[in-house]
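Peer 1: The listed protein sequences derive, respectively, from chains A and B.
Each residue of the first sequence is one higher than the one before, counting from 29 in this note's numbering.
Each residue of the second sequence is one higher than the one before, counting from 35 in this note's numbering.
Calculated directly from the structure, the hints in this document are not laboratory data.
Even glycine gets a Cβ: it sits at the ideal position worked out from N, Cα and C.
Take these hints with a grain of salt, some might be off.
Stated by the list, open to error - Simulated crosslink set (PhoX-like; lysine-lysine; CA at most 25 Å straight-line): (1) B/K231 - A/K205; (2) A/K463 - B/K229; (3) B/K146 - B/K43; (4) B/K247 - A/K205.
Unchecked claim - Label-pair distances were calculated between CB atoms; the ranges are: (5) A/S116 - B/T242: 29 to 37 Å; (6) A/A53 - B/E213: 18 to 26 Å; (7) B/E213 - A/S174: 29 to 37 Å; (8) A/K463 - B/D275: 44 to 52 Å; (9) B/E213 - A/S116: 36 to 44 Å; (10) B/A278 - A/K352: 53 to 61 Å; (11) B/A278 - A/N104: 43 to 51 Å; (12) A/G395 - B/E213: 18 to 26 Å; (13) B/D275 - A/Y447: 52 to 60 Å; (14) B/E213 - A/E384: 43 to 51 Å.
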Amino acid sequence: MIDIRKVAQGVVLMCGLFAPLLANAALEIVITEGVDSARPVAIVPFKWKGSGALPGEISDVINADLRRSGKFNPVNTANMPQYPSTDSEVNYSAWASTGADTIVVGSISDTPSGQYEVKFEIIDVLRAQVTNGKSKSLQNGNLVLSEDHIIDSRKAIINAQDFRQHGHRISDVIYEKLTGTRGAFLTRIAYVIVRDSKVYDLPFQLVIADYDGENETRLLSSPEPLMSPSWSPDGESLAYVSFENRRPQIYIQNIYTTKRTKLTDFPGINGSPVFSPDGKQLAMVLSKDGNSEIYTMDIASKQLRRITRNRNIDTEPSWTPDGKSLLFTSERGGKPQIYRVNLETGKIRRQTFEGEMNLGATIAPDGQDMVLVNRTRGKYHIAKQALEGGAIQVLTRTDLDESPSIAPNGSMIIYSTLYNGTQVLSLVSLDGRFKARLPAANGQVKSPSWSPYLF
Amino acid sequence: MKFDPALAKSFGLHSVIIALLLISVNFTADPIAMPVQNVPVIEATFIDAQAIADKKKEDERILAEQKRIEDQKRAQQRKAADAKRRAEAKRKAEKAAKDKRLKEQKRQQELKRKAAQEAKRKRELEEANKRKAEAAKKQKELDRLQEEQLEAERREQAARRNQQRNQQILNDVERYRAEIYSRIQRHIIDDPAFKGKECRLNIKLASTGLVIKVSTLGGDPALCRVAENAVVREEKLPVSDDPAVYEKLKNINLTVKL
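Here chain A stands alone, though its shape is the one from the complex (with noise of 0.2 Å):
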């Protein structure tokens, strides 16, 4: 005998499984992982219009942007099917066998008051191969040609000077068109050369370049040390330490106008001084009470406030975006750990357990996870964790890894390593699957600091 409830429930059971069948549902599919790659993309080279030699390129300094944040792998120029200047020349099927999505193409002219005009736009050449180039959408009750296979198209009037500048920029609105997150192609980094003694006189230089290396302005020369720049978060100033008198003093300086202004003098260490978010403080390391240990400062009144008070090694501060907490690295627990500190209750809490020793910590923007060097098995490297915890992710393969400090759009970490027994900078994205390499300059390289975003 058939027990009709069971039955029942059976049918009711089944109606249940196979109701999303049943039901003239979607297929649902959820992708939460991609490929572990770069997005082709093109960059055709822009057409120059006018009479003479261009006085700078603008599509190799994308091309180089957008290979070196790793997201991206242009088409190399000889492999391109056509070299178009405009949208209304694009073959888009051609495009899209190259595998490259999107392609930017534009031109160059010159204009009667001896600057120049560029052009450019973005295609979606896959979308662009669905409409023919010729979507259409209502506006106002009027079906209009959309292009919405345009992703952007954009023209300015720049100076001759301006070419290199104006590549970053372009490279901004590509990058965060297609990644969402804005690019920081038009940030810079300050760092310190050390260069041989024995042909330099002023041997440490503290510079300013373009983030990749390039346009590299000296902001300071000294015969004496000068270490640990950082930018004031309005871009406009460092905060650094020098020994020019022959004992670590911290100063700011004002990039544009080289003013600068002494901050402390105090016995001992005069160290690690960091912006607060607004600008307003500087968080330091000052022994003057006998211990190293974290203060701040108010800038305007010189007023500091003590903010660790322990017999062992409290330096290296770091700000979090709110700029309620500091991160510091200190030995209170035998090896260096990265500690956080309320700076209202003055709690403190130690937030790595992880690896021999974990120092110079630094938040990213988005102030979920902190980067920092690790030392695992004698090896320093640049390393990920979150800040409320979790596991240490190791991001770089490179030796003696120091000094991390990250894009304003968190994606990259600038830090210095030792190549070919030189100190030198590389890039590395916050999740560590690109890495890049800057051109190694005449000297030993150090105390990278990314700018905030400056324009």
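Starting from the structure of chain A, add chain B where the hints point.
Peer 2: Then chain B, alone, in the frame of chain A:
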């Protein structure tokens, strides 16, 4: 015990009739048994006129007497015969009446019996009908149960077949889903910039697997472009020849959530 008053009356009446009949039989037996008187007809030896006249007169008187006796006898006989006839008639009438009564009684009885029988038959019929109806009802109930059981079995079987079919479709859909997933996924390049972002697309497929339409349902524009391109790049996605499976594949909601 109670006597039926009609039955008692009938009994009494019958007893009386029977008694009367017995008595009447006694009456009629006597005249029949009476013997006839024989008289000597020739006895004289001489004849004279007187004497002959006398004798003739005497003879005539004797003859008349004889005739009178005979007439008397005959009348008596007629009377007796009449009586007998009357008695017979009476008896016959009585018998007829009795027969009639008896017949009537019998008829009544028969009627009664018949009525009773009829009643009984009716009753029995009713009972039989009732039994039949009950049996039929029972049978019907049984049939119903059986039918239900059969139906349940059929349903179960159908459900099982359906389940098997559905399972097959489901398996196929899963297989194609996995294929479609990997075909699209291989064009989606991971980027930490997309972390925590999401895009939802709707994909319409022709029965050949040709991507007819890709529309954005919502999400991060940059990620949606990547997702859309990944689908468009495939042009044709794997679909089954089985229309039931194709039905489940033709309309896809794709979520890219990196």
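Peer 1: Each hint should be assessed against the structure and marked as holding or not.
Peer 2: Structure-based check of each hint:
1. B/K231 - A/K205: 14 Å, holds
2. A/K463 - B/K229: 19 Å, holds
3. B/K146 - B/K43: 17 Å, holds
4. B/K247 - A/K205: 23 Å, holds
5. A/S116 - B/T242: 29 to 37 Å: Holds: the Cβ-Cβ distance is about 32 Å, inside 29 to 37 Å.
6. A/A53 - B/E213: 18 to 26 Å: This hint holds: roughly 20 Å between Cβ atoms.
7. B/E213 - A/S174: 29 to 37 Å: 33 Å, holds
8. A/K463 - B/D275: 44 to 52 Å: 47 Å, holds
9. B/E213 - A/S116: 36 to 44 Å: 38 Å, holds
10. B/A278 - A/K352: 53 to 61 Å: Check passed, 60 Å falls within 53 to 61 Å.
11. B/A278 - A/N104: 43 to 51 Å: Once the Cβ atoms are compared, 48 Å apart, the range 43 to 51 Å for A/N104 and B/A278 holds.
12. A/G395 - B/E213: 18 to 26 Å: 40 Å, violated
13. B/D275 - A/Y447: 52 to 60 Å: 58 Å, holds
14. B/E213 - A/E384: 43 to 51 Å: 47 Å, holds
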